[in-house]
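Trainee: From just these sequences and the hints, can you work out the full model?
Protein chains in written order, with this note's numbering: chain A, 653 to 820; chain B, 653 to 820.
Hints should not be assumed to be uniformly reliable.
It does not matter which identical chain is meant; a pair holds if it fits inside one copy or across any two.
[To be verified] Calculated pairs, SDA-like style, for lysine to any residue (alpha carbon to alpha carbon, straight line, at most 20 Å):
| id | residue 1 | residue 2 |
| --- | --- | --- |
| 1 | 702 | 686 |
| 2 | 681 | 697 |
| 3 | 702 | 782 |
| 4 | 773 | 785 |
| 5 | 773 | 790 |
| 6 | 773 | 788 |
| 7 | 702 | 789 |
| 8 | 773 | 703 |
| 9 | 773 | 787 |
| 10 | 773 | 786 |
| 11 | 670 | 731 |
| 12 | 813 | 785 |
| 13 | 773 | 798 |
| 14 | 773 | 791 |
Bear in mind the hints are in silico, worked out from the structure with no lab data behind them.
Protein chains: 2
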Amino acid sequence: MTSRAKKYTLDDMDTFLKNVIDTALKSAKNAMERNEIPVAAVIFSPESEKIIAIASNRTEQDHDPTAHAEILAVRSASALLRQTRLTDYDMYVTLEPCPMCATAISFARLRRLYFGAYDVKGGGVDHGCRVYRNQTNLYTPEVYGGIAQTRCEELLSSFFKTLRGNDR
Amino acid sequence: MTSRAKKYTLDDMDTFLKNVIDTALKSAKNAMERNEIPVAAVIFSPESEKIIAIASNRTEQDHDPTAHAEILAVRSASALLRQTRLTDYDMYVTLEPCPMCATAISFARLRRLYFGAYDVKGGGVDHGCRVYRNQTNLYTPEVYGGIAQTRCEELLSSFFKTLRGNDR
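Mentor: Listed below in C-alpha cells is the structure:
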C-alpha cells in the first residue's frame, strides 16, 4: 500500500494501458471542445482488459461542481455493476485527482489509480491535503503518477492558453 | 474566514434554522428506514429563508459510493439554480462532512456550513485531513460544528446499534 507516485514512461506500459490512455486523452479533448477543463477518467478491468466507464469533466455543462471526470466515471461504473465497490478495477485519469475525487476513489475501493499530469495547486494525492497519507483514510489504492504526463500537461496547457487568449 | 468549529446550542438559533435542522433530521430518519447511514443535508437561503435542496444518503440504494447527502444536495441545488456556485446559500448537514463532501462544499462556494455530529473517524473538516486548513484549499465556508449535536448523534447511534443487533 503506497501513495508515493512512481514515474513511468509510456514505453513501460503494455498495449492495453496505452489504449486506455489514448481513450482518456480523446475524451479529455472532447471536454475541451465543450469548454470544460480537459480532464477525463477511464475505469477498466485489468483482468478482462475491458473499459467499463469513460467520463470527462462536465461541471459547466451540467451546472454541477461535483461533475469531475473521476466522480462521473465512478458513478457510471458503480451503476453498471450495481455495486458500490470496484475492487477488481483500475482508474486512469489524465490529471492528479483533487481531494474530492481522491476520497471518492478510496470509497469505491478501486485497485489502482494511474494519473497523468501532477496538479500542484488542486491535487489531493501527492499535493494539498494528500488524502491517502492521512491516518483516518480507510483505503488507499496503488498509485502511479506521471503516466503519459507530457501529453496530459500539453492538453491542459493548450486549454488554459486558449482561455487567456479569449480573455484579451 | 475560519474552519474552527464553534459550539452553539439550539437555543442560540432562530426559528428558521430550527426548522432546517428538523427537516434534515426527518430526512436522515428516512435514510435509516432505507437502511442507509442516517445522514441528511439541507441547502437553504438565509435571505429568503427558503430551503432549496434536501437530500439524504443513497449510497446503497443507488449503488453509488459518491451518493453522500451533501453531494446529492449540492447537485440538486446547482441543477435547480443552473449555476455551479451557491455563494448566497448555506448548508446544514447532520454529520461532519468527509473529505469528499468538504471539498465539494468548497467547490460549490457555499457561504456557511453548519453540521451536527462530529465524525472523528470519517470527518474531513475538524478531523482527518482537515480540507479547509490546507494551504492549497481555494475557498473555505464559515463552519459551525456541533449544531443539534445530541439529536444527530443519537440517530446515528441507534442506526449502528440496530446494525450490530442484526449481525448477531
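Trainee: What hint numbers does the structure not satisfy?
Mentor: The structure conflicts with hints 1, 2, 3, 7, 8, 11 and 12, although it agrees with all the remaining ones.
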